[in-house]
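K.L.:
So the protein sequences, as listed, match chains A and B. For the first sequence, the residue numbers in my numbering are 1 to 150. For the second sequence, the residue numbers in my numbering are 1 to 153.
Certain hints may be false.
Stated by the list, open to error - In silico lysine-lysine, DSSO-like type, Cα no more than 30 Å apart, as pairs:
#1 22/B <-> 25/A
#2 27/A <-> 111/B
#3 22/B <-> 93/A
#4 65/B <-> 25/A
#5 27/A <-> 22/B
#6 15/A <-> 93/A
#7 65/B <-> 133/A
#8 25/A <-> 111/B
#9 111/B <-> 133/A
#10 25/A <-> 93/A
#11 73/B <-> 122/A
#12 94/B <-> 25/A
#13 122/A <-> 65/B
#14 133/A <-> 15/A
#15 22/B <-> 133/A
#16 143/B <-> 122/A
#17 94/B <-> 65/B
#18 93/A <-> 65/B
#19 73/B <-> 93/A
#20 27/A <-> 73/B
#21 133/A <-> 25/A
#22 73/B <-> 25/A
#23 25/A <-> 143/B
Hints are computed from structural coordinates only; laboratory data are not their basis. In this text the structure is predicted, and so the values were computed from the model without any measurement.
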Amino acid sequence: MSPPRYFEDFHAGQKFTFGGYDLTKEKILAFARAFDPQPHHLDEEAASQTLLGGLSASGWQVGAIAMRLCAEHLLNHTHAAGGTGVDECRWLKPARPGDILRLEVEIVAVSPHPRRPVGFVKMAWNLFNQREKVAHIVTTPIIARRSAGA
Amino acid sequence: MTWWEDIVAGTRAELGSYTFTKDEIIAFAREYDPQPFHIDPPAAARSVFGGLIASGWHTVAIWMKLAVAHNAKQPGGEAAPMISPGFENLRWLKPVRPGMTLHYATEVTGKRALASRPERGLVLTNNEAREADGTLVMSFTGKVFAPRRQTGG
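Construct the entire structure; sequences and hints are all you get.
P.N.:
Right under this line is the structure:
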């Protein structure tokens, strides 16, 4: 495994792709029961009568899956100290049972802290299933440590 | 059923409170945000946070849980499904630690007609989680579709 990334290892325009994540019906139901127990996330029949047109994952689960893929594949291999939010999240298409989700992370901007040995890395996350883009998420900048030699 | 036409800006609802446990924080993060300061107490103690903290996605998922329960209790029979095109300006302002209790609320801030979709409109909300002393811990701008009355004629 390559050594953890520092702030200097990121630049605007950089892209990473991670996945796939198997979105099973069981995972959709488990999340919905815990956090979003509405019929369109729990029941095929009821879901078919809503504007979602069939069983789909909670949007909050879709966002959390993007978080998981970014944490597992990028942030856990970076000298990173967390983020503070999401500027914008758009749920573009339903995520369905059987979808295999992959995350494309694009580095939007990087800026060093004026005094401290850290920098800010702003990212856009695009989550896709096999067919199309499911969600577009723009995070607030994460904080990454600068390398000691910089 | 609550119609878009009947929703009034300024309407505020307290959604209830929730106490985060260590076990739930770790269980959520193992599945959805497996960073050391969310899943590994000794590593979290050495991190900048000085201890285990909840994933921000967990904090906001609890808002949804309480909002769904609140929506289901509304008078007028069957609740309209809460279906949303997204949200904006989600901020995690203070780390959420095991044993913390957050009080959640939602307030209607505006409405938008949708030219391409006459059967429904958009409702904008400001949503918050605060500690008992009023300290703001999380906030975001929500967007939810509401059905419109068919005007006929």
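K.L.:
For the pair supplied as a hint, residue 27/A and residue 111/B, is the alpha-carbon distance within the 30 Å limit?
P.N.:
With a Cα-Cα distance of about 34 Å, the restraint between residue 27/A and residue 111/B is violated, given a limit of 30 Å.
K.L.:
Against the 30 Å threshold, does the CA-CA distance of residue 94/B and residue 25/A hold or violate the hint?
P.N.:
violated (34 Å)
K.L.:
Given the hint that residue 25/A pairs with residue 111/B, does the C-alpha gap stay at or below 30 Å?
P.N.:
Not satisfied, since the Cα-Cα distance of roughly 34 Å exceeds 30 Å.
K.L.:
Sort out whether residue 65/B lies within 30 Å of residue 94/B, counting only the CA atoms.
P.N.:
holds (20 Å)
K.L.:
Measure nothing beyond the straight line between the CA atoms of residue 25/A and residue 93/A; if it is 30 Å or shorter, mark the hint as holding.
P.N.:
holds (17 Å)
K.L.:
Does residue 133/A sit within 30 Å of residue 111/B, going by the straight-line distance between their CA atoms?
P.N.:
holds (27 Å)
K.L.:
Residue 73/B and residue 25/A: Cα distance at most 30 Å?
P.N.:
holds (27 Å)
K.L.:
Below or equal to 30 Å on CA atoms is what counts here, so check residue 65/B against residue 25/A.
P.N.:
Given that 30 Å is the threshold and the Cα spacing comes to 19 Å, the pair holds.
K.L.:
Between the alpha carbons of residue 27/A and residue 22/B, is the straight-line distance 30 Å or under?
P.N.:
holds (22 Å)
K.L.:
Taking 30 Å as the top limit, are the C-alpha atoms of residue 143/B and residue 122/A close enough?
P.N.:
At roughly 24 Å apart (the allowed maximum being 30 Å), residue 122/A and residue 143/B satisfy the hint.
K.L.:
Quickly compare the C-alpha distance for residue 73/B and residue 93/A to 30 Å and report which way the hint goes.
P.N.:
holds (28 Å)
K.L.:
Against the 30 Å threshold, does the CA-CA distance of residue 25/A and residue 143/B hold or violate the hint?
P.N.:
holds (26 Å)
When each numbered hint is compared with the structure, violations occur for hints 2, 3, 8, 11, 12, 15.
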